[in-house]
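Asks: These protein sequences, in sequence, are chains U and X. First residue of the first sequence? That's 352 in our numbering, and the numbers climb one at a time after it. First residue of the second sequence? That's 352 in our numbering, and the numbers climb one at a time after it.
Where hints are given, some of them may not hold.
[To be verified] List of simulated lysine-lysine pairs, DSS-like, C-alpha gap at most 30 Å:
1) U/Lys386 - X/Lys401
2) U/Lys386 - X/Lys357
3) X/Lys401 - U/Lys511
4) X/Lys386 - U/Lys357
5) X/Lys375 - U/Lys375
6) X/Lys511 - U/Lys386
7) U/Lys427 - X/Lys368
8) X/Lys368 - U/Lys357
9) U/Lys386 - X/Lys368
10) X/Lys511 - U/Lys374
11) X/Lys401 - U/Lys375
12) X/Lys374 - U/Lys386
13) X/Lys386 - U/Lys368
[Said to hold, decoys possible] Pulled from the structure, derived: some chain X residues nowhere near chain U, Cβ distances all over 12 Å:
14) Leu384
15) Ser422
16) Ser472
17) Asp537
If you're looking for bench data, these hints aren't it; they were derived computationally from the structure. All residues carry an ideal CB built from backbone N, CA and C; glycine is no exception.
The residues making up each chain are set out below.
Protein chains: 2
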Amino acid sequence: MEFPSKLIENAVGELSKLPGIGKKTALRLALHLLKAETDTTASLAEALAKMRFEITYCRTCHNISDTEECSICANKLRDHSTVCVVSDIRDVIAIENTAQYQGVYHVLGGVISPIEGIGPSDLNIDSLLVRIPDSEIKEVILAISPTMEGDTTAFYLSRKLRDYEGVHISTIARGIPMGGELEYADEITLGRSIVDRQRQTR
Amino acid sequence: MEFPSKLIENAVGELSKLPGIGKKTALRLALHLLKAETDTTASLAEALAKMRFEITYCRTCHNISDTEECSICANKLRDHSTVCVVSDIRDVIAIENTAQYQGVYHVLGGVISPIEGIGPSDLNIDSLLVRIPDSEIKEVILAISPTMEGDTTAFYLSRKLRDYEGVHISTIARGIPMGGELEYADEITLGRSIVDRQRQTR
Numbered sequence: 352m353e354f355p356s357k358l359i360e361n362a363v364g365e366l367s368k369l370p371g372i373g374k375k376t377a378l379r380l381a382l383h384l385l386k387a388e389t390d391t392t393a394s395l396a397e398a399l400a401k402m403r404f405e406i407t408y409c410r411t412c413h414n415i416s417d418t419e420e421c422s423i424c425a426n427k428l429r430d431h432s433t434v435c436v437v438s439d440i441r442d443v444i445a446i447e448n449t450a451q452y453q454g455v456y457h458v459l460g461g462v463i464s465p466i467e468g469i470g471p472s473d474l475n476i477d478s479l480l481v482r483i484p485d486s487e488i489k490e491v492i493l494a495i496s497p498t499m500e501g502d503t504t505a506f507y508l509s510r511k512l513r514d515y516e517g518v519h520i521s522t523i524a525r526g527i528p529m530g531g532e533l534e535y536a537d538e539i540t541l542g543r544s545i546v547d548r549q550r551q552t553r
Numbered sequence: 352m353e354f355p356s357k358l359i360e361n362a363v364g365e366l367s368k369l370p371g372i373g374k375k376t377a378l379r380l381a382l383h384l385l386k387a388e389t390d391t392t393a394s395l396a397e398a399l400a401k402m403r404f405e406i407t408y409c410r411t412c413h414n415i416s417d418t419e420e421c422s423i424c425a426n427k428l429r430d431h432s433t434v435c436v437v438s439d440i441r442d443v444i445a446i447e448n449t450a451q452y453q454g455v456y457h458v459l460g461g462v463i464s465p466i467e468g469i470g471p472s473d474l475n476i477d478s479l480l481v482r483i484p485d486s487e488i489k490e491v492i493l494a495i496s497p498t499m500e501g502d503t504t505a506f507y508l509s510r511k512l513r514d515y516e517g518v519h520i521s522t523i524a525r526g527i528p529m530g531g532e533l534e535y536a537d538e539i540t541l542g543r544s545i546v547d548r549q550r551q552t553r
């Protein structure tokens, strides 16, 4: 694609480096910014640069944070005896939005993936193991996506965590999602949902 | 959606103002930038700001340009007697990419749309009419999308252009697109494609 201006060509080039944004979408975004007030572009550029250069990661749980300790770890009202281990910051945001969890988190920053060359040492696993004896942790919830890599990571972690006495390990429940149709569920999920059935309280 | 950091909240807020980008996509883009090198974000932010603040529009055809006169208007090798009138800069890029057109352009900057409050005076129509007597223009091609508003604009323009003697008015051909199935084409397009049939050269 040829552009009548180097400036727009650069902007389109940079935008199309973002995941899921091709040349055509990038051009649409660039032309949208050109039509909008200059303020729109200025505040977008500033917000992105500020985010990238000023953001820090919580020294305890590796969640993104504006301060050295994130707002979840710093919150005394939360249950610091329960740690939910997730692979990504997005998972923290997703679980927080359910408003069902009162414990703290530990962000691994990925999953073990030999194909992509990501081993246990590339993840925030050591800091989790160090964290356990230092604190009052009683339960570690492994909330890792049930993919091949996720299951490998969860298996590795549960082996490592077995050595810590008095620490329970749990995983998030597998089952039929809300609105899901039984007949379309895969066999493993359906089987697990029957084995792990919940007795109704009267 | 709640975010663990004001910085990321701002970035997501700004990104989700872009067309076709919702909160979830914006978060994915922001987290992608956080994972990538700081350079990626710096050059994206710089390219966007530079584009918005430094870009100019060609004084002749209103195409985007890095200089006062765009590279197409400044090109002496192009056919300055043919002007292709388009509604948007994107159309210039699309036509240029076909490598089939050697004339110059005139960008209206939109189409007449009473619903959106866009009248002829909001578009670059006067500058087109001024441009014709001043130059050697012999043909004006109306390359405006065949929508309700586009047809209104084309009709308005052809009425205005009628007063200029020696200037031919033409419209882009309507017909069955490449790869299109005859049976799925609408009646008007199919009818036009038969009326405007092209005799094959032997």
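Asks: Hints first: check each against the structure and report whether it holds.
Replies: Going down the list of hints, with the structure as the test:
no.	hint	in the structure
1	U/Lys386 - X/Lys401	holds, 15 Å
2	U/Lys386 - X/Lys357	holds, 28 Å
3	X/Lys401 - U/Lys511	violated, 51 Å
4	X/Lys386 - U/Lys357	holds, 28 Å
5	X/Lys375 - U/Lys375	holds, 21 Å
6	X/Lys511 - U/Lys386	holds, 27 Å
7	U/Lys427 - X/Lys368	violated, 35 Å
8	X/Lys368 - U/Lys357	holds, 25 Å
9	U/Lys386 - X/Lys368	holds, 13 Å
10	X/Lys511 - U/Lys374	violated, 37 Å
11	X/Lys401 - U/Lys375	holds, 20 Å
12	X/Lys374 - U/Lys386	holds, 22 Å
13	X/Lys386 - U/Lys368	holds, 13 Å
14	Leu384	violated, 6 Å
15	Ser422	violated, 6 Å
16	Ser472	holds, 18 Å
17	Asp537	holds, 25 Å
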